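Visitor: Listed below, chain by chain, are the residues.
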Amino acid sequence: MTEALLHWGLLAAHALLAVGLALAATRLIRGPRAQDRVLAFDAVYLNAALQIVMFGMRFGESGYLEAALVMTLLGFASSSALAKFLMRGEVIE
Amino acid sequence: MTAAASYLPVLALLPFVVGMLVMFLPRHARNGAAALAGGTALAGVLITALLYPKVTDGAVLRQTWSWLPDIGLELTWRLDGLSWLFTLLVTGIGALVVLYARYYMAAEDPVPRFFSYLLAFMGSMLGLVLSGNLIQLLFFWELTSLLSFLLIGYWHHNENARDGARMALTVTGLGGFLLLVGVLIVGHVVGSFDIDAVIASRDVLMASPLVTPAILCLLAGAFAKSAQFPLHFWLPHAMAAPTPVSAYLHSATMVKAGIYLMMRLWPLMAGNDTWYYVVSLAGLVTFLLGGIAAAFQYDLKGILAYSTISHLGLITLLLGLSTPAAAVAAIFHTLNHATFKASLFMAAGVIDHETGTRDIRRLSGLLRHMPYTGTLAIVAAGAMGGVPLLNGFISKEMFLTETLAFHTGSLLDRLLPLIATLGSAFSVLYSVRFIHQVFFGPEATDLPRKPHEPVSWMRLPIELLVLICLVVGIIPNLSVGPLLRTAVVAVLGPEAPRFHLELWHGFTPAFMLSLVAMALGAGLYFALYRRLANREARDRPWAGRVRARRIFDGIMDGLFAGAGFITRLAGTVRLQPQLFLVVLAAVAAGAAPFAYHALTQAGAGLTLGNRPLTPISVPFVVVWAFGIASAAGAAILAKFHRLAALILTGGAGLAVCLTFVWLSAPDLAVTQLLVEIVTTVLLLLGLRWLPARVASKEDLERAKAAVVVRRGRDLVLALLAGGGMAALALAAMTRPPTGGIAQFFNANALEGGGGRNVVNVILVDFRGFDTMGEITVLAIVALTVFALLRRFRPAREVVGSTRQQRRQDAYDEARADREVGDTARDYLFVPRVVMHLLFPMITLLAIHLFMRGHDEPGGGFAAGVAMAIAFIIQYMARGTRWVEERLRVLPLIWIGLGLLLAAATGLGAWFFGRPFLTSAHGHVHVPLLGELSLASATLFDLGVFSLVIGATVIMLIALAHQSIRSARSGHSAEELEGATSAPGPERTPKLGGEAGGD
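From first to last, the protein sequence lines stand for chains A and B. In case it helps, my numbering puts the first sequence at residues 1 to 93. In case it helps, my numbering puts the second sequence at residues 1 to 998.
The hints are simulated quantities; they were obtained by calculation from the structure and are not laboratory data. Since the model is a prediction, treat every value here as computed from it, not as a measurement. Hints should not be assumed to be uniformly reliable.
[What the hints assert, rightly or not] Just a sample of chain A residues kept apart from chain B, beta carbon distances all over 10 Å, derived:
| # | residue |
| --- | --- |
| 1 | Met1 |
| 2 | Thr2 |
| 3 | Ala4 |
| 4 | Leu5 |
| 5 | Gly9 |
| 6 | Met57 |
[Claimed, not checked] Sample of chain B residues at the chain A side, in silico, Cβ under 8 Å:
| # | residue |
| --- | --- |
| 7 | Leu685 |
| 8 | Thr802 |
| 9 | Ile842 |
Idealized CB from N, CA, C, for every residue including glycine.
In isolation and in its complexed conformation, chain A is listed as follows:
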């Protein structure tokens, strides 16, 4: 019972994450403004990190958590660089 629950639950979670990715991706591609794109970009990154964790959980692999760690810890660097660029016109002053 727990097995079936786990299996279908994880599958559903993964599918929902995929839907989330698709929605964020739409915003990323359609824009219309740069700020929309940056926020969508950040959302996509977080979604991807969660997908990796989900992947690890589904297939019992723990090696991928490194990638998720890097994404969550350092992924914000690119988002904040983009945000700073939009705010001030340059990244490092």
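Using the hints provided, position chain B relative to the given structure of chain A.
Guide: This is chain B only, laid out in the frame that chain A set:
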């Protein structure tokens, strides 16, 4: 035997060594340079003289240095009688020319350069005649062409010299190329490039079907070098060289290189019909044409140049007749010609030096001003014309005897004595003209300088050479007989004909012909005297070197125009056409085998394998749909909306990362993620300095038909390329994988490298040398970026503060309670705190990635990039100045440290007697941490880590510093905008421009 043979390379290479030394002498060290050069030449003469006993009676002195024995390439130094004769010529006349040049060259000329070129030429000529291997001979052959170019163009401010040098190099270089082809054919047929082996294989070569092309190519090379018709036209133009060069190269040595080659190959090829016809005809035509041309020249050196061409034609003709006695005559005349021609050139140089002109129409009556030089010149010219008691007479006699003795019954055979006499008549004509018009007659009136005798040292070489002419002319058998015999035996073998050089053979038919020639020549001279002495006479009223020069120039212009046409057609300055061509070539190359297969055999060439396909996984498909959409979107937006394109590229990169995770490559995923982040920041740093690309009116209008067609063409090609790659990938993936190296690495990573992370073990252990090369390249790139950015001058529109900065600063200034910069500080308040706190955290992550690299995903590179991101974040939060005041950022030291560590780790293996970069691994018990599995490759990884941090940080801060520099410069874009005239097109307020939004 060996001791003597070891002098051969010394003989050839010493001039090069001394030449290098002389090159570094100061500009005005005339005596020093001349002394060194003369000393080298005299040493050469001495060595040559001492080696004489070793080459008599057909003995050969050899020394071989093994180089690439597998393909028959060996450095062989070979001295036989013929080489000995040429060596003596080169060194002896070289010594005399050096002495002459010392007094000829003006004080302003950079004399050391001249002498070093001369020495290098002497070395290459010696190398040519001392080569025992055809390829080696070719190498020195080309060297002589090159040095002749340098020497002719010595006075490079003179346009004639430059043109002459270029023409000489082109013609002799072309000949050298054809010679290479000929040598390769001969080597292929015979099976070896060694000269002794080649000459012994006469039957093999004669029987081969390739014999005619081989002979023709070899002869083309020889004719180009020895100025035979039709490749003779470069020699008169080479007279723009200083006279010592003309005396040495273009009369005595370099032009004889072709003759030497023909003599060397004479035992191999004489008797062959092609050889007979081509060589004899070329020689005959050259002999006649050269003589006629020489008669009408008005430049003294021009007369001598054409005379050289004519005499070389004579020698060539003799070699072409293919009888042993003719070969003897050819060798003898080579020797004689060298002596009298060199002395005549030197005399012409003296006349030029003392009177200031070489124009024969202006010179007259010089004998009373230069009695000694005049007498010497008269004797030498007599040798040139074939006057008895001089060496020229004896070799002319031999020549005429051979033409009379030659009987094959053909038309050529009957005409030969006739044409020979005619040619000799012309040589008498120009010799008489040379002497009569220059030295006799009324005194000249408008010479630039007052003529007088030259320095006696300058006359000495001429005296010595003329003395040789006299001695050889009067007592030939005693003086030069043995030497000639040695050379003849070397060429013709022990069955060489016995000859006896005598002053007087009696009233032979040859003697009669000589008398006829002399009478004819003198008569023609006096008949044409009025025309020849005429001041306004032009040289060669009819066909002349002017036409050859024009043909040559025409060919060269045509070549350049053709090259320009092809460049305009296929090459372009813009990127898109080049990219189109590259992709087109790739698609064509990829599709060619399949198309060929489809055409020649039935059925498609590309088939899928039979591995079962994996089931489709919806999330994976979604990820890839996202990736494809991002990539396509980035490409579409890249032209005008760079920031949007950058963000979408990040999205595409993310899709790739997820794919790596999906396909079980965690190490690659981590690395890709880190690199994505750094690249985004780097590109943003650069984007700030790019002026916005605004869509102009034409871009917004409907595209013209031509543009639509072009875009359609590009789309079709892109689809073909992408689709083709996809099909290939599918076909490859549906087949079972072949063995390959993956199995090896997977099996041996743990035992061989001590790590479970195969990727990392490959990078730092199995392929450690490769990685070392790569980090060196990374270091070089980083340093180059840094160096280039120091001189970076941004475009006018982006210098100064950005639009947002200006707006925010204006807002702050307008309010009394706010300072400039408050808005930025407010915005960054929260992120700043987080970023500061994250610095030690990210450092910990970097160390974590580094330590676990060998067994788990991670490694030095990933750790280095993570650490670099930590630094970037601080720069972002607080700005360059604040960070550099508080943190010691020393990227250059880190780069150097990284390289040193990596190299030291590799070198450490040497201490244990192992090859470079061998790594060791084992289990070590550390007190607190327990049992650790360590490998020395970790140190190498540490080097990589340090270098990656240094390289990444230096590239980023090089760009960051630009902002400080720009702010310091004080101009704002606003001020500059006001300064420019008309307002630009309205910025399109569309989707996210460079600085869109508030």
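Visitor: If a hint holds in the structure, say so; if it doesn't, say that too.
Guide: Taking the hints in turn, this is what the structure says about them:
no. : hint   : result
1   : Met1   : holds (25 Å)
2   : Thr2   : holds (23 Å)
3   : Ala4   : holds (20 Å)
4   : Leu5   : holds (20 Å)
5   : Gly9   : holds (15 Å)
6   : Met57  : holds (13 Å)
7   : Leu685 : holds (5 Å)
8   : Thr802 : holds (3 Å)
9   : Ile842 : holds (7 Å)
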